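Residue numbers (our numbering), protein chains in the order written: chain A, 1 to 308; chain B, 1 to 163.
One thing to keep in mind: the hints can contain errors.
[What the hints assert, rightly or not] Coverage of chain B stretches by chain A, computed from C-beta distances (three or more under 8 Å per stretch; other residues unrestricted): (1) 122-130; (2) 137-146; (3) 149-157.
Hints are computed from structural coordinates only; laboratory data are not their basis.
A quick note: this is a predicted structure, and the numbers were derived from the prediction, not measured.
Here a beta-carbon is modelled for each residue, glycine too, at the ideal position from N, C-alpha and C.
The chain contents come next:
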Amino acid sequence: MRHDHLITSKQLSRADIETVLDRAAEIADDPAAVADRHANAVLGLLFFEPSTRTKMSFETAMKRLGGSVVDMGSVESSSVKKGETLADTVRVIEGYADALVLRHPKQGAAAMASEFVDVPLLNAGDGAGHHPTQTMLDLYTIRENAGLDDLTIGIMGDLKYGRTVHSLAYALTNFDTHQHFISPESLQLPREVVYDLHQQDDTQIREHEALESVLSSLDVLYVTRIQRERFPDENEYQKVAGEYQIDLETLEEASDDLTIMHPLPRVDEIAPEIDETEHAAYFEQAHNGVPVRMALLDLLLAGGESDE
Amino acid sequence: MSDDHDHHDGNADHELRVSKIQDGTVIDHVRGGQALNVLAILGIDGGEGEEVSVGMNVPSDRLARKDIVKVEGRELSQDEVDVLSLIAPDASINIVRDYDVVEKHRVERPAVVEGVLSCPNADCITTDGEPVTSRFEVLQDGVRCSYCGTIVREGIAELIDTN
Numbered sequence: 001m002r003h004d005h006l007i008t009s010k011q012l013s014r015a016d017i018e019t020v021l022d023r024a025a026e027i028a029d030d031p032a033a034v035a036d037r038h039a040n041a042v043l044g045l046l047f048f049e050p051s052t053r054t055k056m057s058f059e060t061a062m063k064r065l066g067g068s069v070v071d072m073g074s075v076e077s078s079s080v081k082k083g084e085t086l087a088d089t090v091r092v093i094e095g096y097a098d099a100l101v102l103r104h105p106k107q108g109a110a111a112m113a114s115e116f117v118d119v120p121l122l123n124a125g126d127g128a129g130h131h132p133t134q135t136m137l138d139l140y141t142i143r144e145n146a147g148l149d150d151l152t153i154g155i156m157g158d159l160k161y162g163r164t165v166h167s168l169a170y171a172l173t174n175f176d177t178h179q180h181f182i183s184p185e186s187l188q189l190p191r192e193v194v195y196d197l198h199q200q201d202d203t204q205i206r207e208h209e210a211l212e213s214v215l216s217s218l219d220v221l222y223v224t225r226i227q228r229e230r231f232p233d234e235n236e237y238q239k240v241a242g243e244y245q246i247d248l249e250t251l252e253e254a255s256d257d258l259t260i261m262h263p264l265p266r267v268d269e270i271a272p273e274i275d276e277t278e279h280a281a282y283f284e285q286a287h288n289g290v291p292v293r294m295a296l297l298d299l300l301l302a303g304g305e306s307d308e
Numbered sequence: 001m002s003d004d005h006d007h008h009d010g011n012a013d014h015e016l017r018v019s020k021i022q023d024g025t026v027i028d029h030v031r032g033g034q035a036l037n038v039l040a041i042l043g044i045d046g047g048e049g050e051e052v053s054v055g056m057n058v059p060s061d062r063l064a065r066k067d068i069v070k071v072e073g074r075e076l077s078q079d080e081v082d083v084l085s086l087i088a089p090d091a092s093i094n095i096v097r098d099y100d101v102v103e104k105h106r107v108e109r110p111a112v113v114e115g116v117l118s119c120p121n122a123d124c125i126t127t128d129g130e131p132v133t134s135r136f137e138v139l140q141d142g143v144r145c146s147y148c149g150t151i152v153r154e155g156i157a158e159l160i161d162t163n
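Next up, chain A with everything else stripped away, as it sits in the complex (with noise of 0.2 Å):
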């Protein structure tokens, strides 16, 4: 890898990304090796929005790698309350860490707050936009279950304003895949994300209203929550939420190996029993945030030195 930030998952390619997921899988294979290795770092956490888990799963990586944090804390107890620019407040926190964990409610503020800085940063979700992180810790889980060639995978829920979803398409067509995308027409894929994934040559990617036309083709079901707080009305909201649950005899029609994965939290759209089948590995995925965080602040921290 010889990137200075991480912005998004466009800017990466087949064997970046594989970068990243083989030093996943050996910290995850001996995570004591790397305990002390960067045991003066310190990562600075930005978080302009509220988030429980990046935020830990990003602290814990950071821990586990011999460094430590510092918080901004909320935005209410912030300078930024005091009107403070997103420019300001990152150039000052440089000052602090090695290296910076963003997320804010704006999209391209990584890539505007990355120009003002010489650390590296990492985007942890700019409103809409990209999460890379959550994109390559999903590709972590795919490869470990289905393998990332030769995959069909169907992408169901919201998907208009899924910012993990767009970050996992676009990743994805460094691979050989068929991209399936379900989904109300009032929430289907953004016309820009559709405009990039046309632009490669390889992908090839279909769009459908009800999961049954694909379900039995699909080694991958990733599925995400159709967020209430995105819609402008409850009723809006309510007319299509239920439509796009899972449960066992929905995935009667589907193959035994399917993965079913979620970024979580979930709320209904995958009910409990299948927790305990061989398709579920949403937890699984959500534990892969440890040791994929951990390479790639690895990586960024060693400031490319670990290139292939």
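Take the given structure of chain A and dock chain B to it, following the hints.
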């Protein structure tokens, strides 16, 4: 080629609506109706006392109807010409000195335009009071914000940042 410059037009006596200029720039073959946007991009509103002539929706061989803009005493820079290409892709730029056309350019689409357009996405970081210059990649049929990824294909002239 008959309408490259209006004094070549066959019916020049009848068609000529704007007079020749002595020194400056003639922007010809602007898509009909875009002349005022051309002026907006160039930041010309007449307030500086510039001598400006505008012809709108005049008959043209190459375009069914074209606009034409003549600015006395002003030679366009390459940057200005690049940006013009976004709303007037067919335009030709004639630099005039002492009543003669001394240079003639067709506009070329640049790869990127900076600081000219403002992003229409209210959730884009560039519209949030940050000290950042807008940047758009130029696509075959539109522009795309380098920060939030929003693609604009129509109404680009409405995004011209007049501040």
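Checked hints:
With 7 residues bearing a CB less than 8 Å from a CB of chain A, the stretch 122-130 of chain B meets the requirement of three and the coverage assertion stands. Three residues within the 8 Å Cβ limit are the bar, and the stretch 137-146 of chain B against chain A gives 3, so the coverage statement holds. Only residues whose C-beta sits within less than 8 Å of a C-beta in chain A count toward coverage, and the stretch 149-157 of chain B has 3 of them, enough to reach three; the restraint holds.
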